[in-house]
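Peer 1: In case you want the letters, here they are:
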Amino acid sequence: MSAFWKCIPRHNMRRLFVLTGLLAWPKVTLAHAFAQTYQLPMPYWLYIYGAVGALILSFVVVGLVVQAVPKSVSADRLVIGHADWRYSIWGGVLMHALKIFSVFVLALCIATGLLGTNAAQRNFNMTFVWVIVVLGGTYAAAVIGNWYSILSPWKLLSRLLGHVWTGYQQGRFRYPQRLAYWPAVLFYMAFIWLELMGEIRPISLSFILLAYTGVNLLGVGVYGARAWFRYCEFFAVFMQLIAKMAPIEYKRDQNGSGRLLLRWPLAGLLDGEPEHLSALVFIFFMLSSTAFDGLAETVFWFRLFWLDPTGLFTWGVGAPPLEAYAEARQWYALYEAVWLIASPFLYLGAYWFFIVLGRFLARSTVTTYQLALRFGYTLLPIVLAYHVSHYYSLLYTQGSKIVGLMSDPFGWGWDLFGTVAQLRGHLVPDMGFVWYSQVWLILAGHVASVYLAHVVSLQVFSTRRQALLSQVPMLVMMVLLTGVGLWIMAQPLQGR
Amino acid sequence: MTLPAESGRALARSPLIVVLVVVAVVLYVGLWFVLKPSALMPSSAEQPQQHIRYNLTIGQAGVMGPRVMTVQQGTWVDISLVSDRADELHLHGYGKVIDLHPGEMATLRFKAGVSGRFELESHRSHQLVSVLEVYPSP
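From first to last, the protein sequence lines are chains A and B. Count the first sequence with the working numbering and you get residues 130 to 625, in order. Count the second sequence with the working numbering and you get residues 2 to 139, in order.
In short, the hints are calculated from the structure, not lab data. A couple of the hints might just be wrong.
[To be verified] Only pairs whose alpha carbons sit at most 20 Å apart, straight line, appear in this in silico SDA-like list of lysine to any residue:
(1) A:Lys380 - A:Gly221
(2) B:Lys112 - A:Leu556
(3) B:Lys97 - A:Leu556
(4) B:Lys112 - B:Ile99
(5) B:Lys97 - B:Ile53
(6) B:Lys37 - B:Pro139
(7) B:Lys112 - A:Gly221
(8) B:Lys37 - A:Tyr173
(9) B:Lys97 - B:Arg125
(10) B:Lys112 - A:Asp559
(11) B:Lys37 - A:Gly612
[Unchecked claim] Per label pair, the in silico range of CB-to-CB distance:
(12) A:Phe482 - B:Lys97: 47 to 53 Å
(13) B:Lys97 - A:Arg301: 29 to 35 Å
(14) B:Glu89 - A:Ile218: 53 to 59 Å
(15) A:Tyr565 - B:Ser126: 33 to 39 Å
(16) B:Lys97 - A:Ile273: 35 to 41 Å
(17) B:Gln51 - A:Val532: 33 to 39 Å
(18) A:Phe233 - B:Ile99: 58 to 64 Å
(19) A:Pro449 - B:Ser126: 22 to 28 Å
Think of the CB as a built atom: it goes at the ideal place given N, C-alpha and C, for glycine as much as any other residue.
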């Protein structure tokens, strides 16, 4: 923090001391304040090491591995099971039990927030929704595939409603194609905004869940379940994207019977491409919202606004932010929201630039838009690796508390399963381990993305020379993405 | 689509590329040992000590004292606290809770055995009083 003090003129120090009380704005009680990661910024040398590694490994991938890409990687599939087991007695019982459980847990989360304690740590719904589902559910989808498409409580509720009300699931109107995935992008942005800045308590979380249930059921009634859960329900879109990376896939064959397939991890990303610009924005928001969450807690971010290095605030309001404090706080909320919303478009802009460059170098006749879409999925390993390295320790420190919360979901002092006292203590992973695992995870994601982009480029361009040339800007962009990600993780964090 | 795979395989087998890759990997592994410092504390932080004491005063004007308390893992830490109002402070991660009575000094003493970044928070106002950063031993 010493750097922060050094940058303030001496005569302002006194004023600042008076203001420090104010400056200690109530740190937002977001998921990560209620559930702390306990993470220290990554040491600077490790950031440099990671960034250099991204560069070197990129060339290793290009130089060695890609030269001998097995052409069948994307097509290799091993049938490991027939989904007919779902229709066997035990399979059917299990599936029904899981589905009932899914709807029950949604109802429980709403009920505990409305009726139970409003202390975030002691209410079941906060830990379950923000940590178990949002983090754990995501990582589960990356391993076992799209569990959510079967167990989404909203899908199940709409199906239930469809049994009572014929025609409900078909909807009343055709889904307007030009809306594409934009509704999902909007819902996703609203969700992250609430998570990071909404000061959510258990009771407000219940209202959010209720409102989202209402919106989903209404949406299905208007546009039909198929379109709604494909384009609008952001969690379904999110999970579907993550599950493309899973080594397990569920598919129906020509006869309509389901099969469980084993494939190479990430190979699913080579099937198809994002269908629309909005899907690309969605993917970039997956990355930029994680980056923003990291950046918003750094000294760098804090100084960028409160010390007004651009002079914009002072010029606009007539006083520096630290003096016009009350007004500045409102602007700060707006400033953060605007950057959050703008963030995926900034990433998209950079991506677009490098795609244009690659297209120029390869002298390709494919349009820039088509190329941008074609390489869209290859970014997902970077997205997932960054997400995991940011949040996995939270899953460990806070997620483990679900064992105790299960026994006392409302915070009323129950002990239903006798687990209330279990894992109560603080599980804090060793910082050394966390740092190293973060760097290795991010590098692994980077290597995977570089590899996939090369495989795609070999499919898109007719000559190997074109493919290689087109990948030079792509490589630069991925090194930058990884470098910026690591840089954010190495930034000192804002104290009080 | 047919790929000119033969030329690619030939390239992969060419000894020059293999040598270059091996050199790159060796350099990269070596870089780890060159870059990794003997201590993981940021250079601006205080020198490793057996025992560190911090003073924090909570008053109308806010909190006086360090915004961030940086220590090496294994250090004994004393945090002396004075507040002008009754309060309850919570050091996250370590699970320490301390009651404050107006004008009376209270001291939180513990060994910083777990590395990480831990907030010292007021349970009354839910405001951040300070942050304890414990850097792991190398």
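Peer 1: Each hint should be assessed against the structure and marked as holding or not.
Peer 2: Against the structure, the hints come out as follows:
Annotation: proposed proximity of Lys380 of chain A to Gly221 of chain A holds, straight-line Cα distance about 18 Å (limit 20 Å). As the CA atoms of Lys112 of chain B and Leu556 of chain A are separated by approximately 17 Å, the hinted pair is consistent with the 20 Å bound. At roughly 14 Å between alpha-carbon atoms, Lys97 of chain B and Leu556 of chain A fall within 20 Å of each other, so this suggested pair holds. The hinted pair formed by Lys112 of chain B and Ile99 of chain B meets the criterion: a straight-line CA distance of about 16 Å does not exceed 20 Å.
Between Lys97 of chain B and Ile53 of chain B the CA atoms are separated by roughly 17 Å; this keeps the pair inside 20 Å, and the hint holds. Annotation: proposed proximity of Lys37 of chain B to Pro139 of chain B holds, straight-line Cα distance about 9 Å (limit 20 Å). Restraint check for Lys112 of chain B and Gly221 of chain A: the C-alpha separation of about 54 Å exceeds 20 Å, so the hint is violated. With a C-alpha separation of about 10 Å, the suggested pair Lys37 of chain B and Tyr173 of chain A falls inside the 20 Å cut-off, and the hint holds.
Between Lys97 of chain B and Arg125 of chain B the CA atoms are separated by roughly 15 Å; this keeps the pair inside 20 Å, and the hint holds. With a CA separation close to 16 Å, the supplied pair Lys112 of chain B and Asp559 of chain A stays within the 20 Å bound. The suggested pairing of Lys37 of chain B with Gly612 of chain A holds, with an alpha-carbon distance near 18 Å, which does not exceed 20 Å. Distance hint for Phe482 of chain A and Lys97 of chain B: a CB-CB separation of about 50 Å, consistent with the stated range 47 to 53 Å.
For the hinted restraint 29 to 35 Å between Lys97 of chain B and Arg301 of chain A, the CB-CB distance of approximately 58 Å leaves it violated. For the pair Glu89 of chain B and Ile218 of chain A, the supplied restraint of 53 to 59 Å holds, since their beta-carbon distance comes to about 56 Å. Separated by about 37 Å at the C-beta atoms, Tyr565 of chain A and Ser126 of chain B satisfy the suggested range of 33 to 39 Å. In this structure the hint that Lys97 of chain B and Ile273 of chain A lie 35 to 41 Å apart at CB holds, the actual value being about 39 Å.
For the pair Gln51 of chain B and Val532 of chain A, the beta carbons lie near 37 Å from each other, so the given range of 33 to 39 Å is met. Between Phe233 of chain A and Ile99 of chain B the beta carbon distance is about 41 Å. The supplied range of 58 to 64 Å is therefore violated. Between Pro449 of chain A and Ser126 of chain B the beta carbons are some 26 Å apart, a value that agrees with the proposed interval 22 to 28 Å.
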